[in-house]
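**Student:** From first to last, the protein sequence lines stand for chains A and B.
Under this note's numbering, think of the first position of the first sequence as 1, with each following residue one higher.
Under this note's numbering, think of the first position of the second sequence as 601, with each following residue one higher.
These aren't lab readings, by the way, just hints derived from the structure by calculation.
Ideal Cβ placement from N, Cα and C applies to all residues, glycine included.
Please note that a few of the clues may not be correct.
[Unchecked claim] Which chain A residues stay away from chain B? Per the calculated CB distances, all over 12 Å, these: (1) A20; (2) P101; (3) I133; (4) P191; (5) Y220; (6) R249; (7) I308; (8) M345; (9) K440; (10) S448.
[Stated by the list, open to error] Label pairs and their computed distance ranges (CB to CB): (11) Q417/A to Q836/B: 20 to 28 Å; (12) D398/A to T746/B: 23 to 31 Å; (13) E935/B to E411/A: 45 to 53 Å; (14) E825/B to R403/A: 40 to 48 Å; (15) E919/B to N46/A: 21 to 29 Å; (16) P849/B to L422/A: 41 to 49 Å.
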Amino acid sequence: MATVNDVVIKIGTVNGTGSASANGLLRKSIFRMGVPVVGKNYFPSNIQGLPTWYEIRVTGDGYQSRSNRVDVMVAMNAQTYAKDLADVATGGWLIYDSTWPRSRQLDRDDIMVMGIPFSRMCNEHFDGARARILMKNIAYVGAIAALLDIDLDIITSLIEETYAAKQKLIVSNMEAIRLGYDYAMEHYSCPLPMRVEKMDATEGHIVIDGNTAAGLGCVYAGATVGAWYPITPSTSLMDAFRDFCLMYRHEPETDKRTYCIIQAEDELAAIGMVLGANWMGARSFTPTSGPGISLMSEFIGFAYYAEIPAVIFNVQRTGPSTGMPTRTQQCDIVSCAYASHGDTMHVLLFPGDPAECFDMAVQAFDLAERLQTPIMVLSDLDIGMNDWMVPELEWNDDYVPDRGKVLDAEELEKMEQFYRYLDVDGDGIPYRTLPGVHPKGAYFTRGSGHTKLGAYTENSDDYQDVVDRLLVKWETTRTLVPEAEIRYSAFNKAAILTLGSGDGACKEALDRLEAQNVGLNYCRVKAFPFTDAVRDFIEKHDVVYVVEQNRDAQLRTLLINDIDADQNKLVSLLHYNGMPIHAGFVVEGVLAEIAKGRAA
Amino acid sequence: MTFIAKPKVSHPGLPKNKLGLTSRDYEGVVSTLCAGCGHDSVTAALIQAVFELDIEPHMLAKMSGIGCSSKTPAYFVSQAHGFNSVHGRMPSVTTGANAANRDLMYIGVSGDGDSLSIGVGQFVHAIRRNLNMCYVIENNGVYGLTKGQFSASADIGSLPKKGMPNQQEPIDPVSTALSLGATYIARSFSGDKEQLVPLLKGALLHSGFSLVDVISPCVTFNDHEGSTKSYAHTRQFYNHVVNVDYIHPSEEIKASYAEGEAMPIHLHGGDTIILRKVDGGYDPTSRAAAFKYLRERFNAGEITTGLLYVNEAREEMHELMGNSDTPLSKIPLDELNPGKEELKKIQNRYR
């Protein structure tokens with residue numbers, strides 16, 4: 001059975017051996033053949049020596065999630081050989097380094113095993129231990145190119161682009177490619193029945209990770225102050241912001257920086273800096289992950305009550321506690337929605353892919369200033385650190401940032417007296433002033449009880465007046481957050497509802513279920529609080545499968561809490577083992593419920 | 601209890617500064633601290649300092665954490681924005697605010713609990729960054745609002761009102777700041793306005809992190825016999841080492857100073873302070889000498905005060921980073937945006 005452009009390649013290596021560039025080369029060359037790809041990293045919380053995998057899903061249908069199947073395994077790590085062998089789907093292939101003999105016990109007769117002496121060939125052709133290790137990686141790219149019929153010209157041009165300034169590296173990389181390629185051609189029947197073929201499905205697309213896209217979004221949003229404490233898997237967001245600032249953020253005349261990145265002493269300080277900068281009128285943000293949110297919570301509550309804008313990116317990882325820092329989950333939904341002591345509620349945005357990380361970064365700053373409150377962008381490791389094919393990022397030069405209700409010197413001059421927390425417009429959003437603008441704008445920002453005039457209080461009515469007005473603001477928020485993605489594809493009383501990185505798996509599941517005559521409608525929420533459209537969607541259905549990546553059904557909890565959704569309708573499908581969710585999980589979950597008698 | 605605004609009446613004869621403002625214009629709401637609290641004297645000294653420096657009230661930012669000391673920014677300069685943050689976190693908020701707008705003058709008011717216990721991490725890191733701010737610690741050795749527990753600055757053997765004497769080593773903000781490389785370090789006493797006001801002026805004008813540790817007795821919980829932070833104890837063991845005279849750029853240096861005892865320090869903004877050394881052998885520009893001296897006097901039971909260390913050479917945070925002279929918060933957002941064409945170009949690397 002020959003299949004074209006529907007193959008999963010998984011490469012097992014040892015971390016710290018430089019396989020990332022080889023894997024990137026392979027993924028990019030398939031993309032440049034016009035074929036959609038998904039790239040996933042499964043890596044350890046470690047610097048060097050532990051097993052790591054990269055998985056490339058070649059998907060002519062353009063699906064976004066991982067497949068839970070491995071067709072071609074490149075088992076370069078002897079330590080994980082047995083596991084890698086076991087992971088190959090029946091009818092698949094396994095490539096191993098045949099420089100050393102393989103144990104007879106490790107045999108499977110339902111797959112084809114191909115030995116290629118990568119180490120021996122590289123030892124013969126290259127000098128130095130480091131070069132030999134690196135070139136071994138490039139050599140397996142060559143072998144896969146032969147086996148899957150990947151265009152060698154494209155590989156060549158990619159190598160030439162990458163090492164444009166280092167001619168020597170082009171020669172050695174090409175030599176390594178040829179070693180693998182020629183060996184495979186000579187010893188095996190190439191291409192395999194499962195192969196890659198040029199198509200035209202990547203035009204207008206890029207492959208990017210969410211952290212890079214979010215960092216770029218912060219530059220476009222005009223963020224100037226970034227404060228952070230390093231934490232996996234959010235670190236690369238600030239790295240990206242810094243890289244783009246180095247390119248774009250220098251005063252032309254003086255070459256001085258128009259940004260300020262501060263590596264804080266901890267997350268307590270990082271969020272404090274963000275609040276100070278936003279209070280002063282700069283756009284400021286911090287990237288973090290679950291443990292960072294725990295530390296920031298006191299200040300997040302402060303910002304909610306004192307009404308200070310802030311943008312927080314939470315690139316979620318597997319909890320609780322330290323958990324599995326290099327694995328993914330959507331496990332901070334509730335802790336972010338209600339972060340901090342006292343009655344607090346926070347606006348959450350749920351990007352579904354890297355392109356939305358870019359867009360929502362900009363939206364987050366606009367909303368933060370419009371609503372004068374922290375906005376948390378809840379990405380996750382899967383979106384943040386994996387390679388997604390998405391439509392090109394777009395920018396409209398007519399974009400006008402929403403700076404919200406900020407009084408300038410002229411307006412203040414005309415005023416008799418400024419009061420910080422008055423609801424002048426009836427939308428629950430007061431006017432604010434920035435320090436250093438006008439003496440009449442001065443007020444005392446405090447987390448202690450305050451009146452609508454901004455004064456300290458321990459008076460019950462005055463206290464309650466302000467916290468009740470914050471609820472008015474919450475209802476305004478509901479009308480300003482991004483609308484959910486809703487698809488009514490079938491006249492049906494059953495639907496799937498998900499968020500964030502569940503999007504790809506759910507959409508693929510919808511197709512597969514449709515093929516089995518189970519047509520379901522679809523809703524992907526993009527923000528908390530939930531919009532009226534989400535409320536309507538749930539009301540219109542008898543069964544809503546709520547698909548999320550945590551153990552405790554946190555999205556379902558919020559739906560019940562925030563919009564009083566009928567909990568009897570909400571059936572959870574929960575994927576929380578740390579691996580990104582895949583379509584098969586959703587399909588099986590829905591079918592199992594139907595088999596139990598649940599309406600489809 | 602609610603806040604009480606001070607009545608806006610002032611004597612016509614009150615002196616005015618160069619902005620035409622009187623010292624009353626630099627006041628805040630009525631203090632709710634205990635009668636006789638040292639902190640109120642520090643507030644008064646701050647008012648005098650900013651009044652005499654002709655600072656535009658709205659160009660000040662008043663920052664604080666939590667505690668008795670942290671309430672005081674409400675009691676001075678009502679026409680300046682204040683930020684009463686969370687416990688021990690004033691330095692980070694000030695860092696962010698300063699990162700966004702380097703044009704303002706930042707006064708942080710903290711206490712020994714706020715800075716030396718819960719906030720010690722942020723205190724030391726603000727120093728490391730040489731954040732351009734005036735950091736005042738109103739140091740009384742106890743927690744007032746929670747009714748009299750020892751703080752980390754309590755001396756060994758100091759007696760509480762009730763219970764056992766303190767046995768733990770105190771954290772001295774001055775020697776801590778010295779070891780961390782703070783660039784302006786002073787200590788004074790809330791009861792000595794004559795010394796405190798010029799120290800505060802120098803601290804406000806200094807470019808970089810200036811610490812003013814002020815022994816500010818707690819009349820309710822730590823002013824009894826046996827306490828080393830009481831008025832009586834401080835007065836008895838108080839030792840002026842280096843006093844400061846502030847000279848406005850427009851003024852000539854009129855006073856006459858004995859040779860070897862006066863040391864002019866030129867500040868970044870053009871102002872000058874004259875250090876008057878009471879102990880002629882003391883060198884306030886040497887960290888090592890300052891540290892040795894402070895330890896020796898501490899061991900002798902003395903409270904060394906004055907401008908104990910100053911370093912005008914080290915650059916403050918923005919200069920170290922090479923940041924724009926224009927405050928980041930004032931750069932129009934469209935100037936910060938690379939635009940549509942650039943976005944197209946940069947995405948070639950993702951294909």
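**Student:** Flag every earlier hint the structure violates by its number, smallest first.
**Tutor:** Hint check: 5, 6, 7, 9, 10, 11, 12, 13, 14 and 15 fail, others pass.
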